[in-house]
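Number of protein chains: 2
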Amino acid sequence: MSEGPYDLAIVGAGPAGSAAGIYAGRAGLNTIILERQMAGGQVVISPSIENWPGEKEISGPDLSMKFRGHVESYVKIREFSEVELVGHDRLFTISTPEGELVAKALIIATGAEHRKLGVPGEDTLSGRGVSYCATCDGFFFKGKDVLVVGGGSTALLYAIYLHNIGCRVKLVHRRSEFRGEKALQEKVRSLNMDLIMDTLVEEFMGEEQLDGVKLRNLTTGEVLEVHADGAFVAVGEIPRNEIARSLGVKLDREGYIEVDRKMATSVPGVFAAGDVTGGLKQIVVAAGEGAIAATSAFDYLMEPYWTESG
Amino acid sequence: MSEGPYDLAIVGAGPAGSAAGIYAGRAGLNTIILERQMAGGQVVISPSIENWPGEKEISGPDLSMKFRGHVESYVKIREFSEVELVGHDRLFTISTPEGELVAKALIIATGAEHRKLGVPGEDTLSGRGVSYCATCDGFFFKGKDVLVVGGGSTALLYAIYLHNIGCRVKLVHRRSEFRGEKALQEKVRSLNMDLIMDTLVEEFMGEEQLDGVKLRNLTTGEVLEVHADGAFVAVGEIPRNEIARSLGVKLDREGYIEVDRKMATSVPGVFAAGDVTGGLKQIVVAAGEGAIAATSAFDYLMEPYWTESG
Chain A
7 MSEGPYDLAI VGAGPAGSAA GIYAGRAGLN TIILERQMAG GQVVISPSIE
57 NWPGEKEISG PDLSMKFRGH VESYVKIREF SEVELVGHDR LFTISTPEGE
107 LVAKALIIAT GAEHRKLGVP GEDTLSGRGV SYCATCDGFF FKGKDVLVVG
157 GGSTALLYAI YLHNIGCRVK LVHRRSEFRG EKALQEKVRS LNMDLIMDTL
207 VEEFMGEEQL DGVKLRNLTT GEVLEVHADG AFVAVGEIPR NEIARSLGVK
257 LDREGYIEVD RKMATSVPGV FAAGDVTGGL KQIVVAAGEG AIAATSAFDY
307 LMEPYWTESG
Chain B
7 MSEGPYDLAI VGAGPAGSAA GIYAGRAGLN TIILERQMAG GQVVISPSIE
57 NWPGEKEISG PDLSMKFRGH VESYVKIREF SEVELVGHDR LFTISTPEGE
107 LVAKALIIAT GAEHRKLGVP GEDTLSGRGV SYCATCDGFF FKGKDVLVVG
157 GGSTALLYAI YLHNIGCRVK LVHRRSEFRG EKALQEKVRS LNMDLIMDTL
207 VEEFMGEEQL DGVKLRNLTT GEVLEVHADG AFVAVGEIPR NEIARSLGVK
257 LDREGYIEVD RKMATSVPGV FAAGDVTGGL KQIVVAAGEG AIAATSAFDY
307 LMEPYWTESG
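As given, the protein sequences belong to chains A and B, one line each in that order.
Sequential numbering of the first sequence, starting at 7, is according to my numbering.
Sequential numbering of the second sequence, starting at 7, is according to my numbering.
Hints in this document: simulated from the structure, not taken from any laboratory.
Where hints are given, some of them may not hold.
Note: identical chains are not told apart, hence a pair may lie in one copy or across any two.
[To be verified] Quick list of in silico lysine-lysine cross-link-like pairs, DSS-like style, CA-CA up to 30 Å:
| id | residue 1 | residue 2 |
| --- | --- | --- |
| 1 | Lys287 | Lys72 |
| 2 | Lys188 | Lys220 |
| 3 | Lys268 | Lys188 |
| 4 | Lys188 | Lys82 |
Treat the numbers as computed from the prediction; the structure is a model and nothing was measured.
Build the full structure now, drawing on both the sequences and the hints.
In structure tokens:
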């Protein structure tokens with residue numbers, strides 16, 4: 007016996023899923039939010055947020071709590087609920103740790119995760135010196151030696167940010183030129199930090215805590231060990247698109263879900279919002295998209311097919 | 007002598023323009039926000055807002071003040087500054103009450119205004135019983151007789167809302183069927199309010215204050231006068247697209263600015279966000295679009311043309 011049918015299942019309780027929940031609940035849709043970890047998404051792990059309109063500065067946990075309280079006045083969030091899509095005709099069947107549930111419409115708000123280098127020491131030292139978010143963890147490395155890995159705009163921004171808060175920064179990139187914005191490249195160069203080009207990270211070293219990084223120069227083959235208290239990896243993000251893939255939803259070349267301006271995907275009844283759709287990965291953008299997705303789901307559920315069958 | 011050149015001029019200080027200002031300021035763009043009235047846009051006139059994520063309930067003026075304080079920590083808002091575009095090559099020249107100013111990029115966040123019926127008494131009794139926003143002004147008509155004019159979802163929502171707060175509602179529509187969402191139609195029918203179909207408003211009547219409305223049935227030609235303390239007109243919105251038109255920016259059939267997912271318009275250097283771009287007219291959607299527009303303007307200004315010429 008399946009739970010439901012719900013009008014709407016929202017997968018993910020970050021800013022996109024939360025805004026979708028508020029709008030769906032207010033619209034009177036029987037809605038459930040399924041979150042594989044804690045509600046809040048990447049917001050929860052952000053120490054300080056300064057670009058959520060109306061809040062000059064707020065901690066990630068505080069903003070998450072505000073979202074959560076608001077959402078839960080309308081709909082339920084089920085945390086630690088890793089889900090899988092197990093079937094769909096007009097109804098979507100989802101397996102959860104508590105059993106199967108059924109919903110008439112779906113919003114995918116599963117976000118994206120940081121791409122890893124896949125080298126020895128990365129996993130064991132993650133959270134012990136190896137990080138994927140300078141604005142989250144940079145604070146702990148004030149006045150210390152840090153390495154930034156990558157050549158895109160995010161890597162350049164991390165380097166500038168870490169320099170500004172007082173780290174001694176080395177920037178390591180596997181190519182001979184950066185890919186990131188020109189202005190950021192110029193800014194990085196003006197700061198006189200070490201730019202270690204044509205170089206791969208081979209290993210993160212350290213026992214309990216990161217204390218060095220093994221590098222290899224791709225041109226000369228030379229292997230170099232540098233001291234580092236922190237290492238910030240910025241080599242891209244991977245959308246969490248498993249559910250989209252099992253539904254046959256159309257993705258772009260990087261694996262992000264393709265949506266139209268109503269946040270509808272290529273599969274009727276399936277909507278998406280937030281980082282999993284690519285674009286600008288910002289809280290307020292994700293929230294706006296969540297509001298649109300919920301409103302579009304409401305419109306979808308007002309089709310005669312649903313209103314006649316109840 | 008013109009003021010500037012600014013990196014970016016944002017026209018409109020509602021949620022879209024405010025979010026754009028925060029993001030532009032944080033990105034280091036030399037930015038000015040030009041607002042024809044008071045900062046805040048339609049938010050200022052909303053008594054209560056319940057769908058801005060994180061705030062279960064906040065007054066429009068309070069939310070506006072929060073936005074404003076945040077924006078002004080980064081960029082200047084110039085109020086009561088009705089502007090006009092007077093020229094552009096790569097730079098945009100804008101006339102303001104204080105003289106001309108020049109900017110390298112432009113974000114149009116001018117919003118939309120409520121469509122009027124254009125009948126006698128409408129202008130003179132506006133704000134004296136005639137209103138365009140039930141959630142703004144409904145409160146004043148508790149327990150009184152009100153008329154809602156229109157047949158779309160907004161009109162249906164107004165009728166439900168006003169009924170719920172204790173008004174005696176008559177709904178007047180010029181066609182024989184409503185256009186709005188089916189569920190809202192059913193809801194309206196379930197409330198047993200007067201539905202006056204095939205009927206036009208001919209005149210709003212009253213001296214100091216609305217006290218009646220003259221209606222004409224289009225099928226029978228019959229003219230009817232009904233008593234009304236309030237009348238809520240919900241017959242659509244008109245995008246404020248004057249600046250877009252003078253720039254030759256591509257508009258859709260209803261006059262909204264066409265944008266891509268980066269909020270870029272058809273004219274290089276011109277971006278748009280919020281209600282003037284159509285779509286879902288909600289604060290959080292406008293704010294998300296403003297953040298995207300500012301980020302896209304930043305990218306545009308990082309092109310070699312601008313960084314080389316300073």
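For which of the previously enumerated hints does the structure constitute a violation, in increasing order of number? Those not satisfied: there are none.
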